[in-house]
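Using this note's numbering, the final residue of the sequence shown is 180, and nothing's skipped along the way.
None of these hints come from the bench; they were simulated from the model.
Errors might be hidden in some of the hints.
[Stated by the list, open to error] Listed below are the simulated DMTMM-like cross-link pairs for lysine to aspartate or glutamate, each with C-alpha atoms no more than 20 Å apart in a straight line:
{"hint": "1", "residue 1": "Lys120", "residue 2": "Glu133"}
{"hint": "2", "residue 1": "Lys120", "residue 2": "Asp139"}
{"hint": "3", "residue 1": "Lys120", "residue 2": "Asp157"}
{"hint": "4", "residue 1": "Lys120", "residue 2": "Asp94"}
{"hint": "5", "residue 1": "Lys120", "residue 2": "Glu95"}
{"hint": "6", "residue 1": "Lys120", "residue 2": "Glu172"}
{"hint": "7", "residue 1": "Lys120", "residue 2": "Glu165"}
{"hint": "8", "residue 1": "Lys120", "residue 2": "Glu142"}
{"hint": "9", "residue 1": "Lys120", "residue 2": "Glu171"}
[Said to hold, decoys possible] Here are the in silico distance ranges between beta carbons for each label pair:
{"hint": "10", "residue 1": "Thr169", "residue 2": "Glu95", "range": "29 to 39 Å"}
{"hint": "11", "residue 1": "Cys107", "residue 2": "Gly160", "range": "20 to 30 Å"}
{"hint": "12", "residue 1": "Pro150", "residue 2": "Val100", "range": "36 to 46 Å"}
{"hint": "13", "residue 1": "Cys104", "residue 2": "Glu133", "range": "17 to 27 Å"}
{"hint": "14", "residue 1": "Cys107", "residue 2": "Leu137", "range": "34 to 44 Å"}
{"hint": "15", "residue 1": "Gly130", "residue 2": "Cys104", "range": "37 to 47 Å"}
Glycine is no exception: its CB is placed at the ideal position from the N, C-alpha and C atoms.
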Amino acid sequence: MQTVGYLTVVILLTLVIEGIFGAPALISSCPPGRPRTSTCPGDENATCVSNYCGGCNAVWYGANGRRAKCFRKSRCPPGQHEVQCLIDPCEGATCSAYPNATCIPDYCGGCNAEWFTTNEEQVQCEITS
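All chains, full assembly: derive it from the sequences and hints.
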């Protein structure tokens, strides 16, 4: 039921963005073949939604309606074990150096936060909450 509600919101937001209910929004024109084919190895059940606002982007959403954690490594390196954390290490975290970076929790060897740009480049951030 939550997925149906989420999809309804996505459709309505798409209609608003495309100007059906209001003034047209600035939508980026993409070169041929964009947005590029994208995958989400961290959540194989995620749904891809094309986002043309400000660029040619593929945005992945999990079944819970939240952005999928695509960049999370599926296995820990040798010598590190996946741990259980009481809270998500990314919960409430922000990155002042890269305000648009996405925080992905990493549970290998501890409760860690990894940050990625929209180009899937890992960046270093001082976590602020």
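> Which hint numbers does the structure go against, in order from smallest to largest?
Replying inline: Result: hints 10, 11, 12 and 13 break, sorted rising.
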